[in-house]
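Please work from the sequences and hints to get the whole structure.
There are 2 protein chains.
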Amino acid sequence: MSEQISDSHHEILDAAAKCFMKLGVNAASVDDIAHSLGSTKGRIYHHFASRGALLGAVRLQAPEFTRRAVAPVMDDNLSPSQNFHNMALTHIAAVFETLPYHKVVLQHYTGLEGKSATESDRAMEARIRDAKRGYEDLFRSVIHAGMQSGEFRCQNLSVTLHSVLILLNAPVFWYSPRPDEPQGFTAQVARQLADMGLAALI
Amino acid sequence: MSEQISDSHHEILDAAAKCFMKLGVNAASVDDIAHSLGSTKGRIYHHFASRGALLGAVRLQAPEFTRRAVAPVMDDNLSPSQNFHNMALTHIAAVFETLPYHKVVLQHYTGLEGKSATESDRAMEARIRDAKRGYEDLFRSVIHAGMQSGEFRCQNLSVTLHSVLILLNAPVFWYSPRPDEPQGFTAQVARQLADMGLAALI
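Those protein sequence lines, which keep their order, are chains A and B. The first sequence lines up with residues 1 to 202 when you count with full-length UniProt numbering. The second sequence lines up with residues 1 to 202 when you count with full-length UniProt numbering.
Rather than coming from a laboratory, the hints here were simulated on the basis of the structure. Computed from a prediction, not measured in an experiment: that's the story for all the values here. All the pointers check out, no bait thrown in.
The calculated SDA-like cross-link candidates involving lysine to any residue, where the alpha carbons are at most 20 Å apart (straight line), are:
(1) A:22 to B:122
(2) B:132 to B:69
(3) B:132 to A:175
(4) A:132 to B:175
(5) A:132 to A:173
Laid out in structure tokens, this is it:
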């Protein structure tokens, strides 16, 4: 039973991520999401209290997807370079697999003066911020280790971290799947960006 | 007289860029912009036919600012590495100087399924796209030259171009001026990012 609920929950999240991506986080309605599922609004409201709660859940899920993929490949026995390269490859592959979620997050990267009206809105913003920071800290630790060991150039750590993560996230901006895409294209992009990211650190 | 009109035009554009940045491209109204100028809506409508025209003008101006700064520093007598590094430094400095415009552009990087209703909307989108591409082509040409000469790694040119430009634009995401910012911080960031961008190409 709980598995069924969980499946339904994730099915709704996936549909919501796609609708928010396509129509915009301001424009997509619960009606649009229900329509794309061929379902009723009631089914959605059974899982999520409001449109805002659903959007928050999509944004919270994005760093969770990448964290779950990247954390297990981290290995302190590897050099920071090798460690970073593995993490970067894994990160980019995870982003391609869950692209709509990351495109939705992108729509919140704009530094708007947010007016989080309710306490629960503010609590959700804090959870999203913590999840994002917690994930970024995985990369912060390996970049820091590389600077300490002298493998990576010593430069402002936060500037390095955020800039290199934006480089690894570049496909979120310009990539959309295309039917005529060469086979293995996303894997090739992942390798190229992991190489570029590592080169930018050294 | 035409200079006066032009000054007023640019003053309105600056105010609009700041309002769109702070309040969001969907939320900021002509009223908000007029209020921030201590002026009437009539003055704005004297220069711009609509809120949409004003937003389009802000987005069109962003690549114009960077193009005007970067084109003059390009020098075919320099090596592609030196040429790229100069262009990157100049680009980042121009972005810091006209940050609100670039933060507004960022809000349009999301790949929404746009519904450009009118012919003039579509014409404006085409002008913005052309301005952006025309500017990017400056970097495309120098990266291409570097790959041809063997100075830069040979890899997918479009992936390289768009990813390295996103790296150079990283401050648009995470930077906002702060009163307690160390002196020379933006210049230091520009050097670091130009170095990282060049390293990512080699």
